[in-house]
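Read off the chains here:
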Amino acid sequence: MKKTIFLILCYCSILIAQSVDQQNEVNLFSPPNIKKFADYLFCSHDYLRAALEYQRYLSTNHNDTVSYKTAIAYSKIGNYSKAAKLFASIDHQSHLFPDAQLEYYKALFQDEDYFGLRNDFINVDLSNQFVLSPRDKKLFYFSYLFTNDKLPSENKFLSHFEGTDFQRVKDFYSWKEAPPYKSSLVAGILSAIIPGLGKFYVNEYSDGVFAFLAAAALGYLSYTDFKAEHNFRGWVFGGLAAGFYAGNIYGSIAAAQIYNVKIQFDFVNSLKVFLNAKNYFIPEINFCR
Amino acid sequence: MKWCVIFFILVIIFSASNMFAQDALKKQFAFAKNLYASENYYDAITELKRLLFFDTYSQYTFEIYELMGKSYKMGGKFSDAILTFTDAELNAKTIQQIYQAKIEIIRANILRRTTDRALQLLDELANDKKFTSKANEINYWRGWALMFADKWDEAAKSFAKIDSCKQLQNLAEKVHKDKYSEVFSNLISHFIPGAGQIYTGNYFSGFLSLGWNVLWGYVTINSFAANRIFDGLVELNLLWLRFYNGNIQNAQNFAKEKNLIITNKALNYLQFDFYGQKP
Amino acid sequence: MKLFLCIFIFSSTIIFAQTDWQKWGKANYSYAVKDNFHKRDLSFDAKNPARFVLKSLLDSYWFFISDVDGDNCAFSPTCSNFFLQSVSKTNLVQGTLMFFDRFTRDMDFIAKFDFYPRVPDGHFYDPISLYTLNKNEIKYIPPSVIVNNE
Chain A
1 MKKTIFLILC
11 YCSILIAQSV
21 DQQNEVNLFS
31 PPNIKKFADY
41 LFCSHDYLRA
51 ALEYQRYLST
61 NHNDTVSYKT
71 AIAYSKIGNY
81 SKAAKLFASI
91 DHQSHLFPDA
101 QLEYYKALFQ
111 DEDYFGLRND
121 FINVDLSNQF
131 VLSPRDKKLF
141 YFSYLFTNDK
151 LPSENKFLSH
161 FEGTDFQRVK
171 DFYSWKEAPP
181 YKSSLVAGIL
191 SAIIPGLGKF
201 YVNEYSDGVF
211 AFLAAAALGY
221 LSYTDFKAEH
231 NFRGWVFGGL
241 AAGFYAGNIY
251 GSIAAAQIYN
261 VKIQFDFVNS
271 LKVFLNAKNY
281 FIPEINFCR
Chain B
1 MKWCVIFFIL
11 VIIFSASNMF
21 AQDALKKQFA
31 FAKNLYASEN
41 YYDAITELKR
51 LLFFDTYSQY
61 TFEIYELMGK
71 SYKMGGKFSD
81 AILTFTDAEL
91 NAKTIQQIYQ
101 AKIEIIRANI
111 LRRTTDRALQ
121 LLDELANDKK
131 FTSKANEINY
141 WRGWALMFAD
151 KWDEAAKSFA
161 KIDSCKQLQN
171 LAEKVHKDKY
181 SEVFSNLISH
191 FIPGAGQIYT
201 GNYFSGFLSL
211 GWNVLWGYVT
221 INSFAANRIF
231 DGLVELNLLW
241 LRFYNGNIQN
251 AQNFAKEKNL
261 IITNKALNYL
271 QFDFYGQKP
Chain C
1 MKLFLCIFIF
11 SSTIIFAQTD
21 WQKWGKANYS
31 YAVKDNFHKR
41 DLSFDAKNPA
51 RFVLKSLLDS
61 YWFFISDVDG
71 DNCAFSPTCS
81 NFFLQSVSKT
91 NLVQGTLMFF
101 DRFTRDMDFI
111 AKFDFYPRVP
121 DGHFYDPISL
131 YTLNKNEIKY
141 IPPSVIVNNE
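So the protein lines, in turn, are chains A, B and C.
All the letters of the first sequence, read from the start, carry residue numbers 1 to 289 under this note's numbering.
All the letters of the second sequence, read from the start, carry residue numbers 1 to 279 under this note's numbering.
All the letters of the third sequence, read from the start, carry residue numbers 1 to 150 under this note's numbering.
Heads up, some of the hints might be wrong.
Unchecked claim - So the derived label-pair ranges between C-beta atoms look like this:
id : chain 1 : residue 1 : chain 2 : residue 2 : range
1  : C       : 32        : A       : 236       : 44 to 50 Å
2  : A       : 284       : B       : 39        : 35 to 41 Å
3  : C       : 24        : B       : 201       : 38 to 44 Å
As the list claims (entries may be wrong) - No farther apart than 25 Å at their CA atoms in a straight line, the calculated lysine to any residue pairs in the SDA-like style are these:
id : chain 1 : residue 1 : chain 2 : residue 2
4  : A       : 272       : C       : 22
5  : C       : 139       : A       : 145
6  : C       : 34        : B       : 173
7  : A       : 36        : B       : 91
8  : B       : 27        : B       : 39
9  : A       : 35        : B       : 23
Everything labelled a hint here was simulated from the structure, so no lab data went into it.
Note that beta-carbon positions come from the ideal geometry of N, C-alpha and C, so glycine has one too.
All chains should be built: construct the whole structure from the sequences, respecting the hints.
Laid out in structure tokens, this is it:
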């Protein structure tokens, strides 16, 4: 009999425990449930909602992994300044600190705060808070390719890159050191010599042809009109020819400027594509396995 | 007796814990509905997603997706709305729910102006024997899809199949009647420059066009007549044909512009002054 | 079939999760269709005498000629608008040079597709900011882009 009562009591305690647990489970806004829900949102790529839920969780709990994931979520949705702040807040003692530090630099990089990034790197290096590995320094050197600051020496720059990256980065470095810009002055002078030639110089061939045809045809009409003593028409066509001639010189100068902005744009784009493919030299942690 | 009491207590404990869970989900759904009612659609979706995550027995799945879809629709995110309504359809438990989800998909397609898709789905519904009793409603939404597809005459025919839809039928018929024919406007401008503009009520532009065409036509013909072939070719290409083609282009554009004013007036009426069901 | 539909919906859910990467509220959408018809600004302008004369001449050109001779300019802003804007932004001489260059580029019917982005009504986007010779004002937009801020 005693044995039976004991068994019943055990069963009852299990049920009561289960019931208490279930009441916890049904509180949709208990911290563990908020975290569970946030994890689900994070893995469904619903990053803003995930970040807001994580922050709700962090208002009552401290958890470095959750802070890290919040920062990742903000970084994914393009709120880099907020991400950088959160990555910087990760505790130095945390096992995630080295990754958070790299992600912090990546967020600064994506926020295009290259000077902030470099200052921070230099301060960390000087303060000896922790040792920066060659891998960590890649972003530091890469940031020079995005600004107009004096580049570090080629050897020093390239010593941080190896394998297949080396040649690509070397090409980027060479481009940055001597960008293949076109000179506005040369474009203008060429168009002054032969209308349209300046446009050829900046690779706008058909524009060059039409500029030549317009100036030449109107010039010829003016010449024939003057020859036939149709002076009024001669002046009209001559004026137009002069307008097209001078306009083309002006246009060639402007086209050289646009060309330079375009190749700079393409260069920065290819840098970004390369960095994205390399995930900014940072190993990505998969939280959704 | 003693055993019965113990058993009774156990049952109460067990069902109470389940009731707590039920109650929490119910409250959460009411909370989400409140957010939706107060036009806080983003947060409504967050709370619906929370409910979906914790609703392990899928009791609310259809309702969740349906309300989520409606929230996206109110936010103007029609593609997301359509995807979510499709989720609702996949989780529907009754024929009525399937129909409800399909109609919501059709309405979102109308608003997204993918009216071909809306009409295709309406055809599928009309051909499905399960929904024969819904013929009136199907015709009603077909009418709306056709109005958004700028096929007002067909819309009027669709509304005519429903007894209580005279207002929309009249509106669609009137719009169809009031609209200018782009083909006719274009065609008469080929024969008499400016006629298309005059047909669409743009008298000044029409007569100006006619004047330019007469002037450059006269100058061109004169040059050819005086054997000044080069001058004639230049005047024909750079002046006469320029204004002749411009007149045709204008005639068609004016008709399009006028038609857009007419249809937009009708669509604005439907959006702001019509009190029946809208997409 | 159902499995395929489920996979499709799952993958689309991930793609469309991006919709919610920014908070949004009630949309103010309209049943009416937005028109892309070209509206002229025929108002007179008396900021300075040169601009007043130029604007009056252009208004007359638009009213009596441009509006009835069809859509002949492939660019946005149109050549005459480009002229007006460039004179307003710079001066009469530089503005005229910019206009002659633009007119030459307008005649070139070959290379437009490779160089210019488009505006929604299909015209090539070619703002004056690219040609004032102020490098800081040049914002390069690739030709694959549709520009909405016109």
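Hint check:
| no. | hint | verdict |
| --- | --- | --- |
| 1 | 32/C <-> 236/A: 44 to 50 Å | holds (48 Å) |
| 2 | 284/A <-> 39/B: 35 to 41 Å | holds (38 Å) |
| 3 | 24/C <-> 201/B: 38 to 44 Å | holds (42 Å) |
| 4 | 272/A <-> 22/C | holds (23 Å) |
| 5 | 139/C <-> 145/A | holds (20 Å) |
| 6 | 34/C <-> 173/B | holds (23 Å) |
| 7 | 36/A <-> 91/B | holds (24 Å) |
| 8 | 27/B <-> 39/B | holds (19 Å) |
| 9 | 35/A <-> 23/B | holds (21 Å) |
Hint compliance for this structure: no hint is broken.
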